[in-house]
Each structure stands twice: as C-alpha cells, then as structure tokens.
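Following the hints, complete the assembly by docking chains V and E onto the known chain U.
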Amino acid sequence: MQRIGVFICWCGSNIAATVDVERVSEVIRSEPGVVFSANYQYMCSENGQQLVKNAIKEYNLTAVVIGSCSPRMHEATFRKAAEEAGLNPYMVEIANIREHCSWIHKDREEATEKALVLVRTAIAKVNLDAPLQAGESPVTKRALVIGGGIAGIQAALDIAEAGFEVDIVEKNPTIGGRMAQLDKTFPTLDCSACILTPKMVDCAQNEKIDILSYSEVEEVKGFVGNFSVKIRRKARYVDETKCTGCKVCMEKCPSKKGLNEFNMGLNNRTAIYIPFAQAIPNVAVIDPEQCIKLKTGKCGICQKFCGVGAIDYTMKDEFIERKYGAIVVATGFRPLKPDKFNEYGYADNKDVITSLELERLMNAAGPTDGVLLRPSDGTHPKVITFIQCVGSRDTSGCGKPYCSKICCMYTAKHAMLIREKYPDTEVHVFYIDVRTPGKNYDEFYRRAVEQYGVDYIKGMVGKVYNQNGKLMVQGSNLIDNEQVVIPSDLVVLATAIEPEPSVRKVATLLTASIDTNNFLTESHAKLRPVESPTAGVYLAGVCQGPKDIPETVSQASACAAKVIGLLVKDKLKTNPCIAHPDESMCNGCSQCANVCAYGAITYVDKEFRLGGGKTEVRRVASVNPAVCQGCGACTVTCPSGAMDLSGFSSGQIMSEVEAICKM
Amino acid sequence: MTREEQKENLLRMSGTDVRKCMKCGKCSGRCPAYHEMDIKPHQFVSLLAQGKIEKLLSGKAIWSCLSCMACVERCPRGVAPAAVVEAVRDTVVRMQGANGIRAEDIPPIVDELIPQQLLVSAYRKYNK
Amino acid sequence: MQDVNSGYSPNIVAFCCNWCSYAGADLAGSSRLSYPANVKIIRVPCSCRVNPMFVLKAFQRGADGVILCGCHPGDCHYVTGNYYTRRRMALLFSFLDYLGIERERTRVEWVSAAEGARFSAVMNDFVKTVASLGENKRLTDLRCKEGSDNA
Chain U
1 MQRIGVFICW CGSNIAATVD VERVSEVIRS EPGVVFSANY QYMCSENGQQ LVKNAIKEYN
61 LTAVVIGSCS PRMHEATFRK AAEEAGLNPY MVEIANIREH CSWIHKDREE ATEKALVLVR
121 TAIAKVNLDA PLQAGESPVT KRALVIGGGI AGIQAALDIA EAGFEVDIVE KNPTIGGRMA
181 QLDKTFPTLD CSACILTPKM VDCAQNEKID ILSYSEVEEV KGFVGNFSVK IRRKARYVDE
241 TKCTGCKVCM EKCPSKKGLN EFNMGLNNRT AIYIPFAQAI PNVAVIDPEQ CIKLKTGKCG
301 ICQKFCGVGA IDYTMKDEFI ERKYGAIVVA TGFRPLKPDK FNEYGYADNK DVITSLELER
361 LMNAAGPTDG VLLRPSDGTH PKVITFIQCV GSRDTSGCGK PYCSKICCMY TAKHAMLIRE
421 KYPDTEVHVF YIDVRTPGKN YDEFYRRAVE QYGVDYIKGM VGKVYNQNGK LMVQGSNLID
481 NEQVVIPSDL VVLATAIEPE PSVRKVATLL TASIDTNNFL TESHAKLRPV ESPTAGVYLA
541 GVCQGPKDIP ETVSQASACA AKVIGLLVKD KLKTNPCIAH PDESMCNGCS QCANVCAYGA
601 ITYVDKEFRL GGGKTEVRRV ASVNPAVCQG CGACTVTCPS GAMDLSGFSS GQIMSEVEAI
661 CKM
Chain V
1 MTREEQKENL LRMSGTDVRK CMKCGKCSGR CPAYHEMDIK PHQFVSLLAQ GKIEKLLSGK
61 AIWSCLSCMA CVERCPRGVA PAAVVEAVRD TVVRMQGANG IRAEDIPPIV DELIPQQLLV
121 SAYRKYNK
Chain E
1 MQDVNSGYSP NIVAFCCNWC SYAGADLAGS SRLSYPANVK IIRVPCSCRV NPMFVLKAFQ
61 RGADGVILCG CHPGDCHYVT GNYYTRRRMA LLFSFLDYLG IERERTRVEW VSAAEGARFS
121 AVMNDFVKTV ASLGENKRLT DLRCKEGSDN A
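Protein chains in written order, with our numbering: chain U, 1 to 663; chain V, 1 to 128; chain E, 1 to 151.
Keep in mind the hints are simulated off the structure, nothing from the lab.
There could be a bad hint or two in this list.
What the hints assert, rightly or not - Selected chain U positions facing chain E (Cβ under 10 angstroms, derived; list incomplete):
# : residue
1 : A111
2 : K234
3 : L645
4 : C661
Said to hold, decoys possible - Label-pair restraints from in silico Cβ distances:
# : chain 1 : residue 1 : chain 2 : residue 2 : range
5 : E       : S132      : U       : K606      : 48 to 58 angstroms
6 : V       : E4        : U       : V484      : 56 to 66 angstroms
7 : E       : E104      : U       : E321      : 51 to 61 angstroms
The beta-carbon is built from N, C-alpha and C at its ideal position, and this holds for glycine as well.
Looking at chain U on its own, in the form it has when it is part of the complex (with noise of 0.2 angstroms):
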C-alpha cells in the first residue's frame, strides 16, 4: 500500500471559486491509502512546492496526487520538486480540476463532486504507479548523410563546422547531385555550378568530412545515438588514391558510345570516365557494362597509359561497417521520364525535350558548348514552346498528382534566358495556373512576360505533332477561347520530379515511414517538420517533398542542427514510459513489431526454466528503450496481453475507469 500524500491547489480563486478545495481535501484524508491531506493558495509557488517537499519526508510518502491545473502544465515542476524530496519523480499524479473542472464549471456543488471524482481517480492510478528510471544510451558522435546533392552537401559542411565528423555516401562517382546538372539558378540566374563547386570542394577539403562517392548503404543496424551500418563500395576499377584526374584514360579510352548521363542522354561518353570537369572526388571510374576489357577481357588500353598504375581490372564491391549517432537522408529526385504521355510525342520527336535537358543544352559545359540547337538537326530553334505540368497535378494514372513546385519558377528562367541569348526567338508558354510564392518569385515571372515579352498561355496543351518537319503544338487558350496551333522548332515539357527510386530501398533500411508518391514522412507536418518518425532519422531536400535550392538549403541546415543538437550529448536520456513485455506470457506472435511505428520492438530466443531442472529456448519480444516512444499500440495489438506501458499501465487505466464509475 502506497503513502499517498494529495494536495489541493486554490490556483488563487481559479479553483477555489468554484470548487470547495477544504471540503475536497478533507474528503479525501479519509480515502485509503492517503496519510496526508492539504491545500494551498499557489501550489506551483515556492512555499507551495516546500510545502509538497516537507509532508514527503515528514510522512514518509511514496506517492503525491496534486489536485492543480493541467499536467501539461506543471507536471514536470511538480515531479522535480518530489525528486529533490528523495521520491521518485514518477510517483506523483496530477488530478486536473482547474481545466477540466473548476473553469468549465458554475454549480459549486457540481464542481466539487467533479473534482472530487478526478482527484480519487488519480489517487486510483498513483496506488498503482511504480518508481521509473529515464535510461541512458551513449551517442556515437559521427554522423551519415545518405546522398551528396546540395541537402547533403549542405547538412555535412554544417555538422561538420560543429566539429563533428561526418560522412557522405553517395551513390553516383561524384557529389554535386542535380544541382550540378543545372545552367543557373532562379530568380537571381547566377550560375549553378559557380555557386555549388566551391561547397563540393569544401567538403573534399574538409578533414571532418569523408566522402564515400560511388557507395551504397547496404545495412542499418541500431537506433538513435548507435547506428551501425554497412556501406557498399562499389568496385570502380581506379584506385581513388592513386588516380590524379588526368583524363589521358578518356582520351585513349576506345569505347565510346555509352550515354552520358550528366548529360542527360544528349552525347556520348567513353566507357572510363570522370562524370564533369569539377567532378569530386575527380577521380575516374570504369563503366563495366561498357569497358572492352571487363567484358572480353581484351583491350587494357587505359592502364597502358596510367602514368600512376591506378587501374585495377580485378577490383571487387567492398563493404565497411561504421557507427554513427545520427542519420541524414538526401536522396534527392530524379525527374519524370515523359515517355507514357503520348500525346506530347517524347519519344518520337526528338526535338520534344525535357527541362533538364534544355538545361544541359544551355550549359556552357553541355554537349553543345552552352549554344541553344536542336537536338535533330543543329540549327537554333526559332520558335520554342513550353508545356507545363507535365505529370504534375494528374490523377490520371500516368503522373504524380502533386505540385512539383519548381517547375513555374524554371520555365520562365528558362524563357528568360532564351530571349536574352537569342532575341529573335519566340517564346510560348502553355500553363495551367502559374505558382510563383517566394521572395522575388513572382516579380521575376512578370518580368519574363513585362520585359522579355514571353507569350504566357492559359491553357493546355492536347497534342503535339510532326509536320513537314515542324512540331505542331495544338492546345487551348482559354483566355481567347481558341483552340491554337504553334508551329514550333522545340518543344520543352516540365516534368514532374519524383523521389530517386532507391529512396524505397534506404526507407525501408531505415524504417522510416514513406507516402504513396515515395516521399518520406516527417515527424509532424508542420512542428517537426525536419525529423522522421525514427528517432535519429532526419529529412533534407527533395526526398522529403517537392522544394526548391533554397529550401533544401535551409533544410539541410535545419536537419545540421537537430544532428547537432544530438551528438553534443553525451547521453541521451530515454524516456522511461515506454512499453515492456511479460515474458512468461509473450509467445513470440510479432504482431507488436508489426503495428509499431518506430520499429523498436525486436524478438530474442530467451532460456526460461521449466521446473525440474528442465529449460527451454524461447522467442519473446524485446522493446529497445532508446527507440520506443510509448504510444501503447503494442499493448492493445497483444493477444496474450503480455505487452504493458510504463506510466500507463493497463492495470491503471482499469482503475481510474473503475474509480470514476463507482457509483
């Protein structure tokens, strides 16, 4: 039997006015288990908590009940005040008859009923409550960035200026992600790879920093503060610390026709290559589907010519096991591959392009020197017409049915800077609404129309045609209710960006949580909006949802100092209402791994004694402290009930429903 001590708060007259506070706290003396009864002005105040303080070790209470306001408000002042009376801080209650009660309330009689009810409910709860300890786990202090775009770029230079040690794996041969692939950037067109290239050497230069480029994760073992995962490094068939990125190989390379895929599609690469001039690392790599020499063994070519003997035909994928405390993932996006919507002719027009592509088009370092020509025949587009929300807002089945959000902002970069270059080039653009919020989004756009007099449509557009080598563009201009035809030289589709596809594979590592469109879940959508639900999992950029550089900057950021936040502790306290099985009565079902939304419950074979000198090997769950979170899901979903929460246990919530039923 507990010693329970309740103590009634005036709250001032808050409570007191409308509830008789003597009257509850001399009803209650007579309750069982209650040694100790009083009430006080300002329970929170000062003397008030001396007051908690002193009947703890007068009486020599194991239990506390405050009859006060709501414990989300003073809950945690009150358990701090019993811990520094030697109680444990989770043997005290809160019977809440202020918000609950006494505010909600005019009839005094009523009131006070009321409140004598909930303050026998929380006694009924406290009898059974046991001392709790917050556990520890240590905090490994390295961090992993999956994926090296600018989010991950941008959360290791953060984390690691904290002073920590960071990690990027990514899985092309080089950081730098989509944003290298860009021309420049809305809305103030400075130069993509000006303002990228010197973030990617900063984290190459970085000793913090350790870039795992042409790497996959594999593994995730652990949880928050103790990951431990293994990496793949896949074989690149150049020795990174010899090679000096010279390109002799690529020019002596004799395979020559694999696509590049930095730039998009639109020319060709040999099979040993560096992906770009600032390509980090700059070290070259060996496509093996393409190289002469992994395939029929004949050729050797480049390491005849390696002045530093780092071609190794013999490499093999090697793994690394590491630890790390906290994980960012930045996977980033790919853009829709337009193919399926027929009707815009992609795949048989071969001057139908996709943004992207235009991008690499209008790259000083593309395929055609940064000059603006048709992918069919090389001569400059005279007429160019633009289509939006391709795949974007379409339920259909063939797309997404999100806003990609980007895509209104870099058409009219795009148009921009194609009546700056060429201002003898005609401009149309089909839309359906234009999305423009941001700092200087929108005036940027009207200045696409005000002074470079792009031909916006409102409309879209319903098929797109070759005639005598002209691409008819045939759509609706709802404004004019027509139905147009725009004979044009190209033809450029915004397409939808989705999720890199290997986004599925690295959630499911992770057991973070992902939506029907493959972006991964934040924690809450709009106060946590940077965590996963997996404690120590972290979102930036694109994977998270569709959003532009700058806020995949400032997420990225966002993601550093949560990382941050995390691995300066030493320790990281766990809370101690968490959920923890009766072994002798779990059999092992999982159902309880299956609803738990953290994945913290995992199973271990135990040995129990079966009497008579008899044991037996058995399978029951086990909660990793560190990881659950205490939402009770497992508790309700055990069949054999061998599942209970701490704090709030089964036995309790029984009681306090008994306690207010007793009539």
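Below, chains V and E without anything else, positioned relative to chain U:
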C-alpha cells in the same frame, strides 16, 4: 423539372465528377471538332458545374461532338467531358420526345466490335 | 447535466490522447467553454493505448457512455496510432451494438489541440445524446452498484 433537378440529372447521367476539373483546358486543346462547336468541351464541364443548364441545352455543339473520347483520354484529372456532352444530348433528345433508338432499327450487319456508345450517338445524331 | 424529471444524470468516460485531445480539452477549459460535468477525462499517451477492455470495463462498472478522442487522421503524434484506434473501435462498437449497447453510447472523435470549441461542442452533444437514451443497464455488473439489492 427545376434547374437544380436538371443539374442533378445531368450529373447522374454523365457519371462524371465535374468538381475534379482544374480548368486546364487540355480537353479543348485536343478536341478535333473544336472549331465546329459553339460550346467547347471544357465549357460543358464548367457550365454544368455552375448549373447553367439552359445554355447547355440550347447549344448546337452536342451535334458536332464526335464522341471520339479524346477529351476523356487526355484529361489529367479523370473528368469525362464527352460524358457530359452525351448526357446533354440525351436530355435534349428526350425533351424532343424522340426517346432513344428502337432495337429493330439497328441493322443486323453491324459489327459487334463497334463500341456501343458510337452506335447510340450515331443513331441519335442521324435518326432525328 | 441532469434530467429534471427523473434526476438521472449519465456518467461518461472520455479517453483523450495526451498530444491533441487532452490539450484540446485544456484549451476548452482555458477558453471557459463549458460542457457538462458528467464527462470525466482519462489521459492516455495515444488513443491507440485504449484497450477495448477499458471500454468494456467502463460499461461493466455502470458508465452510460464512452468516448475516445485522438488527433486528426494524419496528425497522430505517433504517426499511425489513431488509425489503429479507428479500426479497433469500429469493430468493438459494432460488437457492443450487437450486445445491446446502442451505437450512440460509444463514439470516436478527432479533436486537435487547437480545437477547444470543438471539444466542448462534441462533449455537449455526446452528453445530450447519451442522456436521451437513459441509463445503460446492459453489461452492468449489478454487484458493483452501491445500494443495489444484489450488492
């Protein structure tokens, strides 16, 4: 019938949710009979959504629509403008008292692969 | 709330999740939006912590109505907890209906931390509905009733 009832009726007959329309005009951008129509495909959806039934019923475009279903095929939101056209056409025909086609009118030579809707439309159109 | 004629006043147990509905109830309180004193709130971490046993226990001990409040779908603090609640309670309530406990005596409502007015409105409505049904006698363990002949 009140206008509200007529609207309900048209919505039921067409079986399409006009509220899904996001006013992109792709249907009218694709329509091969666009220039023949006084009410354009996207306007059928919009007029029905607004309940402007008299305007719908007095239009001539229902007789120009080919029922080729290109608008349905191209709609990114799963709206079926052709179904609205069809519903309006049905309503007009019924109001004229020429209710539907008689089975015995269908020549036995018609290929069974011809879509039902095409038959129905054609008879309504040419059998007045 | 008390019936003037019979003096009957229903007893209602409300389970509120700590993150949304309990905070919504707090907001109702601090906004002084009244609802009948018949409603007594039990705080649970998440609506999915509510075991069907708790609901059965309440009716066994003579409760006249039970209401569960959680975060709005998609807003659950624990990501998916309220979806479990929704499915579990749909099953339980139809079972209770079969046993003769009217559907109107049981309810699941989503109330966010910002919806004090909604919390009060929901509770007012629920108490009114339950009061109109009269006392719940099904499932009640008469031994638990003080002053009853079987006691």
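We went through each hint and held it up to the structure:
| no. | hint | result |
| --- | --- | --- |
| 1 | A111 | holds, 7 angstroms |
| 2 | K234 | violated, 34 angstroms |
| 3 | L645 | holds, 7 angstroms |
| 4 | C661 | holds, 3 angstroms |
| 5 | S132/E / K606/U: 48 to 58 angstroms | holds, 54 angstroms |
| 6 | E4/V / V484/U: 56 to 66 angstroms | violated, 36 angstroms |
| 7 | E104/E / E321/U: 51 to 61 angstroms | holds, 59 angstroms |
Violated hints, in rising order: 2 and 6; the structure is consistent with all others.
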